[in-house]
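Student: What follows is each chain in one-letter form.
2 protein chains.
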Amino acid sequence: MQTLTVSLGERSYPILIGTGLLRSRELLAPQLSGRNAVLISNTVVAPLYAQLLKHSLEGQRVLEVILPDGEQHKTLATASRVFDVLIANRIGRDAVVLALGGGVVGDLAGFVAACYQRGVDLVQIPTTLLAHVDSSVGGKTAVNHPGGKNMIGAFHQPRAVIADTDLLQTLPDRELRAGLAEVIKYGLICDPIFFDWIEANVDALLARSAQALSHAIYRSCQIKAQIVARDEREHGERALLNLGHTFGHAIESATGYVDWQHGEAVGTGMLIAAEMSQRLGNLDPSVVGRLRALLQRAGLPVAAPRIGAARAFDYMSVDKKVHAGRVRLVLLTGLGRAVVTSDYPDAALRDTLAAHFG
Amino acid sequence: MQTLTVSLGERSYPILIGTGLLRSRELLAPQLSGRNAVLISNTVVAPLYAQLLKHSLEGQRVLEVILPDGEQHKTLATASRVFDVLIANRIGRDAVVLALGGGVVGDLAGFVAACYQRGVDLVQIPTTLLAHVDSSVGGKTAVNHPGGKNMIGAFHQPRAVIADTDLLQTLPDRELRAGLAEVIKYGLICDPIFFDWIEANVDALLARSAQALSHAIYRSCQIKAQIVARDEREHGERALLNLGHTFGHAIESATGYVDWQHGEAVGTGMLIAAEMSQRLGNLDPSVVGRLRALLQRAGLPVAAPRIGAARAFDYMSVDKKVHAGRVRLVLLTGLGRAVVTSDYPDAALRDTLAAHFG
Numbered sequence: 052m053q054t055l056t057v058s059l060g061e062r063s064y065p066i067l068i069g070t071g072l073l074r075s076r077e078l079l080a081p082q083l084s085g086r087n088a089v090l091i092s093n094t095v096v097a098p099l100y101a102q103l104l105k106h107s108l109e110g111q112r113v114l115e116v117i118l119p120d121g122e123q124h125k126t127l128a129t130a131s132r133v134f135d136v137l138i139a140n141r142i143g144r145d146a147v148v149l150a151l152g153g154g155v156v157g158d159l160a161g162f163v164a165a166c167y168q169r170g171v172d173l174v175q176i177p178t179t180l181l182a183h184v185d186s187s188v189g190g191k192t193a194v195n196h197p198g199g200k201n202m203i204g205a206f207h208q209p210r211a212v213i214a215d216t217d218l219l220q221t222l223p224d225r226e227l228r229a230g231l232a233e234v235i236k237y238g239l240i241c242d243p244i245f246f247d248w249i250e251a252n253v254d255a256l257l258a259r260s261a262q263a264l265s266h267a268i269y270r271s272c273q274i275k276a277q278i279v280a281r282d283e284r285e286h287g288e289r290a291l292l293n294l295g296h297t298f299g300h301a302i303e304s305a306t307g308y309v310d311w312q313h314g315e316a317v318g319t320g321m322l323i324a325a326e327m328s329q330r331l332g333n334l335d336p337s338v339v340g341r342l343r344a345l346l347q348r349a350g351l352p353v354a355a356p357r358i359g360a361a362r363a364f365d366y367m368s369v370d371k372k373v374h375a376g377r378v379r380l381v382l383l384t385g386l387g388r389a390v391v392t393s394d395y396p397d398a399a400l401r402d403t404l405a406a407h408f409g
Numbered sequence: 052m053q054t055l056t057v058s059l060g061e062r063s064y065p066i067l068i069g070t071g072l073l074r075s076r077e078l079l080a081p082q083l084s085g086r087n088a089v090l091i092s093n094t095v096v097a098p099l100y101a102q103l104l105k106h107s108l109e110g111q112r113v114l115e116v117i118l119p120d121g122e123q124h125k126t127l128a129t130a131s132r133v134f135d136v137l138i139a140n141r142i143g144r145d146a147v148v149l150a151l152g153g154g155v156v157g158d159l160a161g162f163v164a165a166c167y168q169r170g171v172d173l174v175q176i177p178t179t180l181l182a183h184v185d186s187s188v189g190g191k192t193a194v195n196h197p198g199g200k201n202m203i204g205a206f207h208q209p210r211a212v213i214a215d216t217d218l219l220q221t222l223p224d225r226e227l228r229a230g231l232a233e234v235i236k237y238g239l240i241c242d243p244i245f246f247d248w249i250e251a252n253v254d255a256l257l258a259r260s261a262q263a264l265s266h267a268i269y270r271s272c273q274i275k276a277q278i279v280a281r282d283e284r285e286h287g288e289r290a291l292l293n294l295g296h297t298f299g300h301a302i303e304s305a306t307g308y309v310d311w312q313h314g315e316a317v318g319t320g321m322l323i324a325a326e327m328s329q330r331l332g333n334l335d336p337s338v339v340g341r342l343r344a345l346l347q348r349a350g351l352p353v354a355a356p357r358i359g360a361a362r363a364f365d366y367m368s369v370d371k372k373v374h375a376g377r378v379r380l381v382l383l384t385g386l387g388r389a390v391v392t393s394d395y396p397d398a399a400l401r402d403t404l405a406a407h408f409g
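Which chain is which? The protein sequence lines are A and B, in order. Residues 52 to 409, numbered by the working numbering, are exactly what the first sequence covers, in order. Residues 52 to 409, numbered by the working numbering, are exactly what the second sequence covers, in order.
FYI, nobody ran anything at the bench for these hints, they're computed from the structure. Even glycine gets a Cβ: it sits at the ideal position worked out from N, Cα and C. Please note that a few of the clues may not be correct.
Stated by the list, open to error - What follows is a set of in silico ranges between Cβ atoms, one per label pair, in the way DEER data are often shown: (1) A:Thr56 / B:Glu250: 52 to 62 Å; (2) A:Ala139 / B:Arg401: 17 to 27 Å; (3) A:Arg281 / B:Ala354: 55 to 65 Å; (4) B:Ser84 / A:Arg281: 20 to 30 Å; (5) A:Asp365 / B:Arg377: 51 to 61 Å; (6) A:Ile244 / B:Ala128: 43 to 53 Å; (7) A:Glu61 / B:Arg377: 18 to 28 Å.
Let the hints inform the model, and build the full structure from the sequences given.
Tutor: Here you go:
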């Protein structure tokens, strides 16, 4: 087991990465110490792992809340139903929410933990690669609104992240691939050596080599933990982690959060951001080519749906990254170098959107 | 104008107390500096003061969101409708929410500001005495759930509190009286000299003497600011501010948040807490007598509705103050001395509830 720390003063917490963690009573018991546990999961993950987790919590009272699967259920209405269950079961402020699932479960359970009685403890137990490397770490929680992704949410840091790589063995291929998009992101924004490593190991990652997955998760979480520690509330640097997300949000919004996985949309969004960076003369075409090739080798889509540039812009401009009326973008200035900017020619964005969204 | 500061490091903010503040462009403009303003108010307050406030914000784009009046609308459903309006109007993360109203508006607008795009700026402009002395200060925001008051919420400190005492001149008598319950609370929990002062000035306060109101607001906010600065998230001392609230919540819950004003319920709740403290031998009967007399002089109810002890206990035990299965209570050990405790004989609580709720 490897341990990383997200350093946030009295809200610091460990990320535990390794195999067999969910079977470890010694590891889980201290997170609960006799308090009410609320296990929030979904209809796909719960049958696979809820029993194992509860077994490791031996004797602990555990309230299970099982959500329907899918991003379309990450809504205020679903959160409201979870609040109903917690209140009906008289769950108190000293409870611990265990979020067992991927990004959707983690975001929604995290939001519930953030708001229930103005905040209860949260432990993230990610079951997808995307959640291992991104959404379970850093305290962002949210639900979607028909008008935009993650529009309603809170910053609420977990007490611990338990990243058991065994859980990735049952992950559908498509979700594994989607998670790789976020891994690639860390290389793109700040670590060219890690990008090289992903290129060299993408086949091992797709074959679910425990060693390759462990390294990818460790290095991704390490980068994210450092950035979050420096800029918890995204006043600056943390926004770099949104590379590909604003273009990606347009894809997800236009397709109702159903057809595209989040990681898939981010992957294509990163490619669009890279091509816009090239268009502005800030990025060598060879980097765009390497990114496209890597996404393709990872089995990720590289073409956005033809929803029309105007509609794409519309969705982007209700995204949270709008500042003083302009859409803020994360663009690349090299492999491993990214900037957050709203200072770009409108024509460059227009042309980029026309090229990709039609 | 008098200024107090709530000292919370980089989240510190001023409480401005005085007359004519809502007319002061110099005071209001710096809070906005060109950003989108979202004015959240209700159907009673908006016709009285929204125009004045907008006039002082000259030229600023202001989106108005007017809520129905009343605690029964402080729900997740109402918050959800406000989110819809913000998103439909493409309000960005750089917006400022101006909460113009009493405790209900402040709590709901505060919760919306806390969660919209994971948090936007908030300025509290209280229009009731209760909001002046209590709910606008300290960052507690929430909505109610049918199963309990303030069960869904967040800590979200405002950027400023603008307490314009002129606004209290239009306040209905009943609401003025309800606010006095919270003023009395500050004397009870930590300042016997202030309690004496309230006894000596209750008639001036009811006659809306600007001088008396100003002093009551200043001293109340000063006490609250000090406690919040030491214990923002209510891990300890801040819970003293809940004197009367747990008994009061039972009253409000049982009557559907409609018949009783919050302050009225708190007033009666404080008397119940005082009588339980006396029952335990911790409080001199003369203090209970003085409190009862003061509440009566302030025109506040001193008898709880006869909802039955069992039902009252039921409502109390879904309140947020439950810890490890026991209801935590704020009890008095003297005039100006309070403790938070779950260490009391069950019989004392049972007898107290039977005496007051039947």
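Student: Measuring from beta carbon to beta carbon, are Glu61 (chain A) and Arg377 (chain B) in 18 to 28 Å?
Tutor: With a Cβ separation near 26 Å, Glu61 (chain A) and Arg377 (chain B) satisfy 18 to 28 Å, so the hint holds.
Student: Just tell me: holds or violated, for the beta carbon distance of Asp365 (chain A) and Arg377 (chain B) against 51 to 61 Å?
Tutor: 53 Å, holds
Student: Please check whether Arg281 (chain A) and Ala354 (chain B) have a Cβ separation lying inside 55 to 65 Å.
Tutor: 57 Å, holds
Student: Mind checking the hinted window 43 to 53 Å against the Cβ distance between Ile244 (chain A) and Ala128 (chain B)?
Tutor: About 51 Å separates the Cβ atoms of Ile244 (chain A) and Ala128 (chain B), which means 43 to 53 Å holds.
Student: Mind checking the hinted window 20 to 30 Å against the Cβ distance between Ser84 (chain B) and Arg281 (chain A)?
Tutor: 26 Å, holds
Student: Using the C-beta atoms of Thr56 (chain A) and Glu250 (chain B), is the stated range 52 to 62 Å upheld?
Tutor: 54 Å, holds
Student: Within 17 to 27 Å or not, the Cβ separation of Ala139 (chain A) and Arg401 (chain B)?
Tutor: Given a distance of about 25 Å, which is inside 17 to 27 Å, the answer is holds.
In summary, the structure agrees with every hint in the numbered list given earlier.
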